[in-house]
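K.L.:
Spelled out from the first residue to the last, the chains are:
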Amino acid sequence: MNLTLHVWRQSGPKEPGKLEQYEAKNVSPDQSFLEMLDEVNEHLIKEGKDPIVFDHDCREGICGMCSQVINGVPHGGQERTTVCQLHMRRFNDGDTIYIEPWRALAFPILKDLIVDRDALEKIMQAGGYTSCHTGGVADGNALLVPKPDADYAMDAAECIGCGACVAACPNGSAMLYTSAKVAQLAALPQGKAEAAERVCAMTDAMQAAGFGNCSNHYECQAACPKGINVKFIARLNREYQKALFK
Amino acid sequence: MRILTSSVGRKILMSITGQLLIIFVLIHLIGNSTIFFGPNGINAYAEHLHSLPPLVWGFRLFMLAAVAVHICYGVMLTLENKAANPGAYAVKKNLKKSFASENMIWTGLLLATFIVYHLIQFTIKGTPDIVIGLDSLNRPDVFKMVVTSFGNALISLVYLAAMVMLFLHLSHGIPSFLQTMGWNNEKTIPVFATGGKVISTILMLAYISIPAVILAGLLKL
Amino acid sequence: MILDGKCPKGPIQTSWDRHRFDLKLVNPANKRKYKILVVGTGLAGGAAAASLGELGYNVEAFCYQDSARRAHSIAAQGGINAAKNYPNDGDSIYRLFYDTIKGGDFRAREADVWRLAQVSNNIIDQCVAQGVPFARDYAGYLDNRSFGGAQVSRTFYARGQTGQQLLLGAYSALSRQVKAGTVKLFARTEMLDLVVVDGEAKGITVRDLITGEIRTHVGDAVVLATGGYVNVFYLSTNAMGCSVTANWRAHKKGAFFANPCYTQIHPTCIPQSGDHQSKLTLMSESLRNDGRCWAPKKKGDNRHPNEIPEDERDYYLERKYPSFGNLAPRDIASRAAKEQCDDGRGVGPGGRGVNLDFSAAIQRVGEDTIRERYGNLFEMYEKITDENAYKQPMRMYPAPHYSMGGLWVDYNCESNVPGLFVLGEANFSVHGANRLGASALMQGLADGYFVIPYTIANYLAKTKPGAVKADHPECKKSIEDVKSYNNRLLNVNGKKTVSEFHRELGKIMWENVGMARSEETLKDAIKKIPVLREEFWKNVKVTGKGEELNQQLENAGRVADFLEFGELMAKDALHRNESCGGHFRVEHQMPDGEAKRDDENYCYVGAWEFKGVDKEPELHKEPLAFENVHLAVRSYK
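Chains as they are written, first to last, in the numbering used here: chain A, 1 to 246; chain B, 247 to 467; chain C, 468 to 1104.
These are calculated hints, taken from the structure and not from any lab test.
Backbone N, C-alpha and C fix where the C-beta goes; we use that ideal spot for every residue, glycine too.
Certain hints may be false.
What the hints assert, rightly or not - If you anchor each label on the Cβ, the simulated ranges turn out as follows: (1) Gly379/B - Ala208/A: 35 to 41 Å; (2) Gly1060/C - His43/A: 41 to 47 Å; (3) Gly17/A - Arg248/B: 35 to 41 Å; (4) Arg248/B - Asp835/C: 43 to 49 Å; (5) Pro436/B - Lys192/A: 25 to 31 Å; (6) Lys46/A - Leu250/B: 55 to 61 Å; (7) Gly666/C - Lys192/A: 46 to 52 Å; (8) Thr373/B - Gly17/A: 49 to 55 Å; (9) Gly17/A - Gly961/C: 29 to 35 Å; (10) Thr678/C - Gly17/A: 15 to 21 Å.
As the list claims (entries may be wrong) - With the Cβ distance kept under 8 Å, some of the chain A side facing chain B (calculated, not the full set): (11) Thr4; (12) Ala104; (13) Gly172; (14) Gly210; (15) Gly212; (16) Lys231; (17) Asn237; (18) Arg238.
What the hints assert, rightly or not - 30 Å max Cα-Cα, derived DSBU-like pairs, lysine-lysine: (19) Lys433/B - Lys192/A; (20) Lys328/B - Lys342/B; (21) Lys787/C - Lys46/A; (22) Lys963/C - Lys1005/C; (23) Lys14/A - Lys1005/C.
Only chain A is shown next, with the shape it has when bound in the complex (with noise of 0.2 Å):
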């Protein structure tokens, strides 16, 4: 099939930027959309321009590399899937396909698609740990976590870390990614502990990175590659109530 690409394309992160149209030709439906990305780049490196560049890594879902807002949608809209996974047959011969890198004050752009994830680091830093030290821990069957928690901190751990919550909040906030942490660890006895001081801080980190407020329009849920449940916001919420009294 051929396809009509609108492409964002940006210099530097203090350069400005403009979707530029380039033509996918002969595109095969088994081909992930990356690899029809990387075609159009062998092409424009053999006229001599500039290839797109894009984030990309794993190439198996897993990593949160990738990241592209792909016709508006963070992932490109196919259920539960990254862009990496995103296969062409999703797409009709003659489709128009609008590319942009997540966009959100958090998140600079570095270079065309790529953006700068830093932000999410410093959430992370604040407080998405337990403080235990290598070595000297107790047995891993000396604290007992029953099946239902074990399997809700791992629903809320999947989480891959892309940002896609983010690009496709209207708030661009990050209350899906800091409550998949907090609610993960706060959902299991070796991260009780911890739970009131976590949650304020990695909530106070977020704010201070720029990201935006939750106003539970649930369009993270919706783009998440992981299907994250917007009900661990919820758990955050409980938890930085019960912070409140503490």
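Please build the complex by placing chains B and C on the supplied structure of chain A, with the hints as guidance.
P.N.:
Leaving out everything else, chains B and C in the frame of chain A:
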């Protein structure tokens, strides 16, 4: 006081004040429904209410404070949220957000304007349409005042528009306050979303029924 | 030269404990004076940086991704082994040790493997304390499952995302140290050279992938945890950015490369769908717990798999290896799949695939149970192939997955260059010629949490902190070298793209140095690779400049290294005139097609010294002694 400054804290304040306002909307509706019992109903209710001035004024100031907090933080959070999202997508498709959730600030501000008008009209009695008088039992004739004013189709239309705003604001506001208070899980999320719409529809229809009934000539002087 | 692994002598059961006592310590007050550079933030690097930071060392950690959480350890699906014996099914440290030695086809060091088995239990405890949501049973205890190459259930798992959860655990520990100020993180930074001063590793030269700045970081020790090199095959299960570059540049500065021919070809990957393919996707080995491998008995049978009756199916693993069946180790399962396809009985496009069938399991335990066990894998399979594996068998084909070889290290994880430590997949140490499932995560975390914190002190205690400054002539020279190397790449300005060269190299490697190797194919590769390399330096097209975000330049550097490394890999494979584990020489096989080792002549680690591009590398040997497990023919029948 992190509740006054933090991202989640201020949301919780929005939620708590929002709940107070919803409770007020409910009580106000129940009180107003006495109009369906004719002059004896609503005039007695009004007199009863005003026989306890400290309570009335205490309640009024409390509600005023709640409204002020709700509006101030609403505006502040909205401005922050706009700043956090430069909104520069050439194409943006929303999968989940609704007209109601998107326009909370506008439906809210319109409601605030309406509240000012509503207070000037029926509390301060400062609009030209107001008829002041006493009923046969020497009580302030609220029934006559309301029926006269709502007899004016334009005024009724303003109330109808305001109640549509109320519907929009609450259809997102009700599920939203439950979420912000953390009283939510995977199962309740869709239930509350529907529940919020149902309750706000009922509130809207109930409030509109008063001018509608008057305009239809079912409640007469 | 005969290399000394410096393994502790005496009874193996106490070897690590005795060795730890013999190691020198660094005074707590002095630790912050030592700067340690950790390259790579996967399980090994992330765990190492976090643990060393916690001990009080001044750590700088580097990764090429935009976050430490994205290293390719994250993609490991199945699980992590530990000798906890929670299921009471006869496991022990000794059994895990024995299985790993045997699984590695007797080409690993006993002492290293023993230590790995011993600390495996601590790893589970550590991860649980970090909040890793391992699968639990209804009573709240940790759950286990069985995994390829083992007859006990010793694998701990977190759905199909164990690697992700363990990495996020290490990443959280690392984040905590970043906050505490003991670790400084440099993301989007790629190591391009090792700075060696007076024979010791004292720094690295890196490229900032955003600005293109080339700079040197000096330290008192360098830890490489930079993963494996199977992207030399172009198509592999590794992430696109995985490369041999850090290791290779260290190798060029004197570090020996051990056993590069030991590569693991994973049996259960989604087959290639066309020439556009950029990588292959692995499906967890755990699928073989419930999936049955089969190929049609008839050649060229093009019927839909569901239409092929039971008696026309060849469940070849169950037939050939009745006791292990579908759980045979990876190298064996891979070769068996290749055998079926070479015999003209493969399925799918191009006949390069075998069936992995779940219908029997679905009938036995129900679709819901299967969905609970492998739901995410089935989903992933459907996204890629558009086929529903609940209704028809998955198609699988082996793909390059892991490299057992790596930089040579002694028992302390220290390379032959003093001060250069190598951890995880980047070193060669514990997996021998073949790695068993769920062992890579175990090794990465063992090295990072429980080995390097002890052994690095032994080196540091002997050195003066901060001896080398950033203005040292070796640093300046390193920066100049890297700059001129990159400029050379940028200035070729030829006609072929970097990825075209990578594809060509991959084809040579896969056909000649892949699952089945012979003297002929290896010699062919050794002839072809230098020709391709020469063409690369004459005809590659790298767009853009050095002083900007330039992914073409990044890739060009990596492919240039693969073009040199591939030759060494082929030479190592040619020199190792035996079959063992993942290294299968067709000349050396049993009558039934199993690998035939030559313990008489090849029971050693082959470590290569770099002598220059286009020059013959020099082989050094470290003899392997087996005192606790007797050398025997590996049998899984």
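K.L.:
Now tell me if each hint is right for this structure.
P.N.:
Structure-based check of all given hints:
no. : hint                            : in the structure
1   : Gly379/B - Ala208/A: 35 to 41 Å : violated (60 Å)
2   : Gly1060/C - His43/A: 41 to 47 Å : holds (45 Å)
3   : Gly17/A - Arg248/B: 35 to 41 Å  : holds (38 Å)
4   : Arg248/B - Asp835/C: 43 to 49 Å : holds (45 Å)
5   : Pro436/B - Lys192/A: 25 to 31 Å : holds (29 Å)
6   : Lys46/A - Leu250/B: 55 to 61 Å  : holds (60 Å)
7   : Gly666/C - Lys192/A: 46 to 52 Å : holds (51 Å)
8   : Thr373/B - Gly17/A: 49 to 55 Å  : holds (53 Å)
9   : Gly17/A - Gly961/C: 29 to 35 Å  : holds (30 Å)
10  : Thr678/C - Gly17/A: 15 to 21 Å  : holds (18 Å)
11  : Thr4                            : violated (13 Å)
12  : Ala104                          : holds (6 Å)
13  : Gly172                          : holds (4 Å)
14  : Gly210                          : holds (6 Å)
15  : Gly212                          : holds (3 Å)
16  : Lys231                          : holds (5 Å)
17  : Asn237                          : holds (4 Å)
18  : Arg238                          : holds (3 Å)
19  : Lys433/B - Lys192/A             : holds (24 Å)
20  : Lys328/B - Lys342/B             : holds (18 Å)
21  : Lys787/C - Lys46/A              : violated (50 Å)
22  : Lys963/C - Lys1005/C            : holds (10 Å)
23  : Lys14/A - Lys1005/C             : violated (36 Å)
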